[in-house]
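Visitor: Just so you know, the protein sequences line up as chains A and B, in that order. Quick note on UniProt numbering: the first sequence kicks off at 1 and runs consecutively. Quick note on UniProt numbering: the second sequence kicks off at 1 and runs consecutively.
Among these hints, one or two may not hold up.
[What the hints assert, rightly or not] For each label pair, taking beta carbons as the anchor points, the in silico distance ranges come out as:
| hint | chain 1 | residue 1 | chain 2 | residue 2 | range |
| --- | --- | --- | --- | --- | --- |
| 1 | A | Phe35 | B | Leu375 | 25 to 33 Å |
| 2 | A | Pro263 | B | Leu10 | 55 to 63 Å |
| 3 | B | Lys155 | A | Gly358 | 49 to 57 Å |
| 4 | A | Gln71 | B | Gly147 | 21 to 29 Å |
| 5 | A | Gly358 | B | Ser217 | 50 to 58 Å |
| 6 | B | Ala146 | A | Phe35 | 49 to 57 Å |
| 7 | A | Phe276 | B | Asp349 | 46 to 54 Å |
| 8 | B | Leu352 | A | Gly358 | 20 to 28 Å |
| 9 | B | Tyr328 | A | Leu34 | 15 to 23 Å |
| 10 | A | Thr352 | B | Arg105 | 32 to 40 Å |
| 11 | A | Ala148 | B | Tyr325 | 37 to 45 Å |
| 12 | B | Ala160 | A | Gln141 | 22 to 30 Å |
[Stated by the list, open to error] With a cut-off of at most 30 Å between alpha-carbon atoms, the simulated DSBU-like pairs for lysine-lysine come out as follows:
| hint | chain 1 | residue 1 | chain 2 | residue 2 |
| --- | --- | --- | --- | --- |
| 13 | B | Lys293 | A | Lys17 |
| 14 | B | Lys14 | A | Lys294 |
| 15 | B | Lys214 | A | Lys384 |
| 16 | B | Lys155 | A | Lys157 |
| 17 | B | Lys152 | A | Lys111 |
| 18 | A | Lys383 | A | Lys17 |
| 19 | B | Lys152 | A | Lys157 |
| 20 | B | Lys111 | A | Lys157 |
| 21 | B | Lys162 | A | Lys157 |
| 22 | B | Lys214 | A | Lys383 |
| 23 | A | Lys51 | B | Lys135 |
Read the hints as simulated data drawn from the structure, not as lab findings. Ideal Cβ positions, reconstructed from N, Cα and C, are used throughout, including at glycine.
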Amino acid sequence: MPDRKNSIAQLFLREVKLVAGNHSLFLTLLLAPLFYVFFYGTIYSYKVEEKVVLAVADDDRSEMSRMFVEQMNNMQVVAVMRASSLEDAQERMYRGEAQGYFYIPKGMQSKVLSLQQADVVLAVNGARFLPSSELTGAITQLGLTIGAGVRLQYQEKMGLNSTMALQEAMPVNIDYRPLYNPQASYGGFLLPVLLVLILQQTLLLGLSGSIALERENHEIGRLVKMGGGLSGMLYGKAAFYLLLYLAYAAFFMTVNYQVLHLPFRGSYRDLAVLLFLFILTLIPMAVWIGTLFKSQLLAAQLMAFSTYPFFLICGYAWPFESMPLALQGLSSLLPLTPFVKVYTSIVQTGGTLRDHAGSVVHLLLLWVFYLLLALWGLKRLNKKQQPLSL
Amino acid sequence: MIRSILKVALREWKRILTFPVYYLAMLVLPPVLCLLYAGIYNKHFAEDLPVAIWDEANSPLSRQFTFMLEQTESIHITQQVQSEGELQAMLRNGKVMGAIHFPRRMDEQIKSRQPVYITIYTNVSYLVPAKLLYKDAAQVLLTAAAGVQLQKLMKTGMPAGKAMALVMPVQLQSFTLYNPRYDYQQYLVPGVIAVAMQMMMIMVVALALNYEHKTHSLGELYEVCNGSASNAVIGKSLAYLSVAWVDYIMITLVIYPLFAAGAQLFSWGLFTIFTLLMLACISVGMMVSAIFKDLLLACDVGIFYTSPAFVFSGFTFPRWGMPWYDQYYAMIMPLTPFVDAFFKVYFMDLPLRYVRLEMAHMLLFAVIGLPVAMLLFQRTLQQSTLQHA
Numbered sequence: 001m002p003d004r005k006n007s008i009a010q011l012f013l014r015e016v017k018l019v020a021g022n023h024s025l026f027l028t029l030l031l032a033p034l035f036y037v038f039f040y041g042t043i044y045s046y047k048v049e050e051k052v053v054l055a056v057a058d059d060d061r062s063e064m065s066r067m068f069v070e071q072m073n074n075m076q077v078v079a080v081m082r083a084s085s086l087e088d089a090q091e092r093m094y095r096g097e098a099q100g101y102f103y104i105p106k107g108m109q110s111k112v113l114s115l116q117q118a119d120v121v122l123a124v125n126g127a128r129f130l131p132s133s134e135l136t137g138a139i140t141q142l143g144l145t146i147g148a149g150v151r152l153q154y155q156e157k158m159g160l161n162s163t164m165a166l167q168e169a170m171p172v173n174i175d176y177r178p179l180y181n182p183q184a185s186y187g188g189f190l191l192p193v194l195l196v197l198i199l200q201q202t203l204l205l206g207l208s209g210s211i212a213l214e215r216e217n218h219e220i221g222r223l224v225k226m227g228g229g230l231s232g233m234l235y236g237k238a239a240f241y242l243l244l245y246l247a248y249a250a251f252f253m254t255v256n257y258q259v260l261h262l263p264f265r266g267s268y269r270d271l272a273v274l275l276f277l278f279i280l281t282l283i284p285m286a287v288w289i290g291t292l293f294k295s296q297l298l299a300a301q302l303m304a305f306s307t308y309p310f311f312l313i314c315g316y317a318w319p320f321e322s323m324p325l326a327l328q329g330l331s332s333l334l335p336l337t338p339f340v341k342v343y344t345s346i347v348q349t350g351g352t353l354r355d356h357a358g359s360v361v362h363l364l365l366l367w368v369f370y371l372l373l374a375l376w377g378l379k380r381l382n383k384k385q386q387p388l389s390l
Numbered sequence: 001m002i003r004s005i006l007k008v009a010l011r012e013w014k015r016i017l018t019f020p021v022y023y024l025a026m027l028v029l030p031p032v033l034c035l036l037y038a039g040i041y042n043k044h045f046a047e048d049l050p051v052a053i054w055d056e057a058n059s060p061l062s063r064q065f066t067f068m069l070e071q072t073e074s075i076h077i078t079q080q081v082q083s084e085g086e087l088q089a090m091l092r093n094g095k096v097m098g099a100i101h102f103p104r105r106m107d108e109q110i111k112s113r114q115p116v117y118i119t120i121y122t123n124v125s126y127l128v129p130a131k132l133l134y135k136d137a138a139q140v141l142l143t144a145a146a147g148v149q150l151q152k153l154m155k156t157g158m159p160a161g162k163a164m165a166l167v168m169p170v171q172l173q174s175f176t177l178y179n180p181r182y183d184y185q186q187y188l189v190p191g192v193i194a195v196a197m198q199m200m201m202i203m204v205v206a207l208a209l210n211y212e213h214k215t216h217s218l219g220e221l222y223e224v225c226n227g228s229a230s231n232a233v234i235g236k237s238l239a240y241l242s243v244a245w246v247d248y249i250m251i252t253l254v255i256y257p258l259f260a261a262g263a264q265l266f267s268w269g270l271f272t273i274f275t276l277l278m279l280a281c282i283s284v285g286m287m288v289s290a291i292f293k294d295l296l297l298a299c300d301v302g303i304f305y306t307s308p309a310f311v312f313s314g315f316t317f318p319r320w321g322m323p324w325y326d327q328y329y330a331m332i333m334p335l336t337p338f339v340d341a342f343f344k345v346y347f348m349d350l351p352l353r354y355v356r357l358e359m360a361h362m363l364l365f366a367v368i369g370l371p372v373a374m375l376l377f378q379r380t381l382q383q384s385t386l387q388h389a
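Input sequences plus hints: build the corresponding full structure.
Guide: Below you can see the structure in the form of structure tokens.
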């Protein structure tokens, strides 16, 4: 037993030296996580997109239309850009200066005052998802408010007192409660998972690169001997990454959450257990992936493409149930899939590990699965790299 | 000179088909990623998301509203709950993505002029489902509320036209142009494929010149390009550009139409801006390849430069929502002007005159990158001939 401990310690120290001496591993494992976490974080630091430009053409030029436009401009989401005509407003959208246009035809005020329905037109550029949906939501709300105002005035004219008139103006109301991300902001949605993606991708890129480098240098046989077997070699290498990434995880979940003003609603103990399991599962996965590449260069080059596919199929950006069955199967093989489900629940909704026992078991099964794959991959390489004896 | 350039291009094609660092990234990955992305969004929309109903009213009106909600694209009522605690627990453990609450005595309150509040809950930690649920639920409930108002006004003897004008004095005709149903396959897939293509091109071309050291073929290249770095750089660039065209044809005419039910992705306008994007990426890659002789370092620079490009480009989160320094940083990546041009040419179907600025921006990368690569590589070629001599 002391021998085994000793050999694992030796492998650990060897890994430290390897990472320190190889600039690619050094960059990926020691600089990239810290650089990315602050760099990417700044993009969404405002979290919501405010003052989306809307070109407004007002052919009515009445008191009511001016009030309409003024109210629009006062909204947090909208920034009004005056256009001389409908065509001018359209042109501004085509040129990319505005994200949509709003047109008030002549006669709006007179129609409303004579109790006739008046039409106004809102056209938004749906090619840009977020701004267009924000604009539509905000302007629809404004239209409803103005409608309620007109009804209120009418009811008051009909002799109702203010309170009763107000009740008559809006008999059925919607109370919208966006839970766990009250501003419904893109930053609030993406940032917590972005931190985890940075952890995952740098670990996969670095560790698979390290294994590919060992293969390239024909070092696998020697390492297996040093570790006293395949599992000893795996534990020795893994120990370094486990410690390093647990430290990163602790840093991200405390310092970066503070810096980015991200709410944390769950239990730190549950999160610590979950992150430990996640990193523990990613390590054999990275080792196995590394055994598939003949060189560190190829590993780095191809693994760089894995970030977006892994994120897109993990069920966070797009509902898991809405993917085809084959991709649901593929997604279930990623540790990120069960992890994200539990992680978002813990940090954003205040959920617990017990609420997601199924996903925790899923993650444990993936750990066993990738551990076996990693050992098999190393065994295969070890066999290949043994000197031929006659 | 032209012969020499063509010889270099032909030689580069052979190298592309020989070495895995080239052919895996340039010819295998793009179609594989395209298949994967198109597959993820094969359903186009997130449909039938699980929703809970907390119906304390238990009235004809609440049942009618529930029925109307169930008819929408995104809402599928899967749970009935009896309390807010139960509802919150289901939202927390992911059993439902949203919930609707009808208050007790809702019908009577409406009749007795007391305002009623119907609550929509969504779990916004999953932004896409939450937005879709809210959009559909709000639309149903606002329509239903307008119906209630209309009935009330008509009961007072008001003519239908006047009552309608009071319910909705200002009728908002709202149009979502270019992607009216928020089709994710139509919106996201071409964009993420473009991201993969720019990443692929920069990372592979970052190995275009320095890989000659590893394969000990610098002398051979010297012969083929007649000792001229510009011949070598232009010839190699042409080879990479032609591979990009092969990928473009494969993706737009074969793979994407297959998955997107025959939807057209190919257009000459898109081809033009795609070519400019690829040219910009080749130029950046050539410059990196000429600067860094160490292959791994060149590859790492490629990864660090290209991997944030998507988020900085403004494709998903608008650039004006980012801090000013991030907006400037976005400008040094070829994907940024491409995304702006892509929105106009692909989605809005506008002529190329609307993207002159973006095209000039992309060309700028070539105007800077290629001459720098030529200058630096000329020195490398000269040094190598001196060593051989």
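Visitor: Now, for every hint given, state plainly whether the structure supports it.
Guide: These are the hints, each one checked on the structure:
no. : hint                               : in the structure
1   : Phe35/A with Leu375/B: 25 to 33 Å  : 30 Å, holds
2   : Pro263/A with Leu10/B: 55 to 63 Å  : 59 Å, holds
3   : Lys155/B with Gly358/A: 49 to 57 Å : 53 Å, holds
4   : Gln71/A with Gly147/B: 21 to 29 Å  : 26 Å, holds
5   : Gly358/A with Ser217/B: 50 to 58 Å : 55 Å, holds
6   : Ala146/B with Phe35/A: 49 to 57 Å  : 53 Å, holds
7   : Phe276/A with Asp349/B: 46 to 54 Å : 51 Å, holds
8   : Leu352/B with Gly358/A: 20 to 28 Å : 53 Å, violated
9   : Tyr328/B with Leu34/A: 15 to 23 Å  : 22 Å, holds
10  : Thr352/A with Arg105/B: 32 to 40 Å : 36 Å, holds
11  : Ala148/A with Tyr325/B: 37 to 45 Å : 43 Å, holds
12  : Ala160/B with Gln141/A: 22 to 30 Å : 26 Å, holds
13  : Lys293/B with Lys17/A              : 24 Å, holds
14  : Lys14/B with Lys294/A              : 21 Å, holds
15  : Lys214/B with Lys384/A             : 24 Å, holds
16  : Lys155/B with Lys157/A             : 19 Å, holds
17  : Lys152/B with Lys111/A             : 22 Å, holds
18  : Lys383/A with Lys17/A              : 26 Å, holds
19  : Lys152/B with Lys157/A             : 17 Å, holds
20  : Lys111/B with Lys157/A             : 21 Å, holds
21  : Lys162/B with Lys157/A             : 15 Å, holds
22  : Lys214/B with Lys383/A             : 28 Å, holds
23  : Lys51/A with Lys135/B              : 21 Å, holds
Checked against the numbered hints above, the structure breaks only hint 8 and satisfies the rest.
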